[in-house]
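Take each chain as given, in its own frame, and dock them per the hints.
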Amino acid sequence: DTEVTQTPKHLVMGMTNKKSLKCEQHMGHRAMYWYKQKAKKPPELMFVYSYEKLSINESVPSRFSPECPNSSLLNLHLHALQPEDSALYLCASSQELAGVYEQFFGPGTRLTVL
Amino acid sequence: AQSVTQPDIHITVSEGASLELRCNYSYGATPYLFWYVQSPGQGLQLLLKYFSGDTLVQGIKGFEAEFKRSQSSFNLRKPSVHWSDAAEYFCAVGGGRTGNQFYFGTGTSLTVIP
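Chains as they are written, first to last, in the working numbering: chain A, 19 to 132; chain B, 163 to 276.
Keep in mind the hints are simulated off the structure, nothing from the lab. Since the structure is predicted, the reported quantities are computational estimates derived from the model, not experimental observations. Be careful, since some hints might not be right.
[Stated by the list, open to error] Residues of chain A clear of chain B, computed beta-carbon distances all greater than 10 Å:
id	residue
1	25
2	32
3	40
4	45
5	91
6	101
7	130
[To be verified] List of simulated lysine-lysine pairs, DSS-like, C-alpha gap at most 30 Å:
id	chain 1	residue 1	chain 2	residue 2
8	B	211	A	71
9	A	56	B	211
10	A	56	B	223
11	B	211	A	54
12	A	27	B	211
13	B	211	A	58
14	B	211	A	40
15	A	27	B	223
16	A	59	B	211
17	B	223	A	58
18	A	59	B	223
19	A	58	B	230
20	B	223	A	54
21	A	59	B	230
Just so you know, even glycine gets a beta-carbon here, dropped at the ideal spot from N, CA and C.
In isolation and in its complexed conformation, chain B is listed as follows (with noise of 0.2 Å):
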């Protein structure tokens, strides 16, 4: 069965540091994953999408991500971090038995100091 797991709960950067989010995912077969980011109150943005290919992808706001299919992981990246990036992060693997369910990571939550 899919599943993804995120192992930090809460990060604290401080701003213009480096930022690196982990996310491990379950999947039988040629996962399909996303990094999505929420602000407070608010929907969820895509950030980046792996499908197949260059096992870097590069997202929006700086963002990137890498796939390992050794390590079953997709860890999110940013060489920078900037104070309006503090929000939850989700990771998700995308296509369930019945097609494009989203199983969704119990998200990290970053908080930025100046």
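Pulled out of the complex, with its shape left as it was, chain A reads as follows (with noise of 0.2 Å):
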């Protein structure tokens, strides 16, 4: 099984909601990853988890929070959040975060803000 999974694939909510992202890997890969892609743009990185532990926040604003359950689960907590942050939010995983290994991709949520 090569697959990461996302849910939910869309997702409205208002600047006052709370709501969360979902990500699931059963590769057995020790880092996670989540990202945030604009369209027309490359992805830019947010927070990278290995072995569970949060090892990457790339500056990324407290109305984002991540959270790593167990080594196969991966969520973005979302309060209180801007018209801007509407963007397609991209969860990825790979063997290990140490070295170089291929990043594989789940399908996204498209998040819009109102």
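Written out as structure tokens, the structure is:
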């Protein structure tokens, strides 16, 4: 199984809502990533977890809160978002963080903030 | 510092014609190079990767890429384009200061005309 799944596919939320994005992989990968992607732009790295510990936080605003409950699951909790946070949110995983490995991407969650 | 340049923002080719997408990288050591494809609203799919060895790399969907160290390039090619190849293509170099960070180029949007 070389699949990364993400739910939901689409999410519309108001600026006062709290919602969560979910990502799951069953490849035994120990590194998991959250990216934000605006239209016609490359993915921008937000967070990286390695062995369920936060390893990289690319100065992301605190209204985005990541969580890695176990080695297969990665969540992104959203609160008090702004319209400019509307984007495609991609999850990825790789075998490890130390070294260089292919990253496997999920299909993304299309987020719209009203 | 690592960086990737994709000089062509948008390319249009006729179906059946050959394709070459350019990618130039800046990297201090031996680069780990990737080409990903993204269809509209989808995640990124790996086409091929170069870590070492043979400089001509074969990938999925009939794509290949050639690593040229002297030119710091990793251009993607396909001898005959199909309409389904219309997508966004990203070149990336892997391996950052904290491990498996990817540095993406700005992407090349491919349009295929009948």
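Status of each hint after checking the structure:
{"no.": "1", "hint": "25", "result": "13 Å, holds"}
{"no.": "2", "hint": "32", "result": "23 Å, holds"}
{"no.": "3", "hint": "40", "result": "15 Å, holds"}
{"no.": "4", "hint": "45", "result": "13 Å, holds"}
{"no.": "5", "hint": "91", "result": "17 Å, holds"}
{"no.": "6", "hint": "101", "result": "19 Å, holds"}
{"no.": "7", "hint": "130", "result": "13 Å, holds"}
{"no.": "8", "hint": "B:211 x A:71", "result": "28 Å, holds"}
{"no.": "9", "hint": "A:56 x B:211", "result": "24 Å, holds"}
{"no.": "10", "hint": "A:56 x B:223", "result": "26 Å, holds"}
{"no.": "11", "hint": "B:211 x A:54", "result": "23 Å, holds"}
{"no.": "12", "hint": "A:27 x B:211", "result": "28 Å, holds"}
{"no.": "13", "hint": "B:211 x A:58", "result": "22 Å, holds"}
{"no.": "14", "hint": "B:211 x A:40", "result": "28 Å, holds"}
{"no.": "15", "hint": "A:27 x B:223", "result": "26 Å, holds"}
{"no.": "16", "hint": "A:59 x B:211", "result": "21 Å, holds"}
{"no.": "17", "hint": "B:223 x A:58", "result": "23 Å, holds"}
{"no.": "18", "hint": "A:59 x B:223", "result": "23 Å, holds"}
{"no.": "19", "hint": "A:58 x B:230", "result": "27 Å, holds"}
{"no.": "20", "hint": "B:223 x A:54", "result": "27 Å, holds"}
{"no.": "21", "hint": "A:59 x B:230", "result": "26 Å, holds"}
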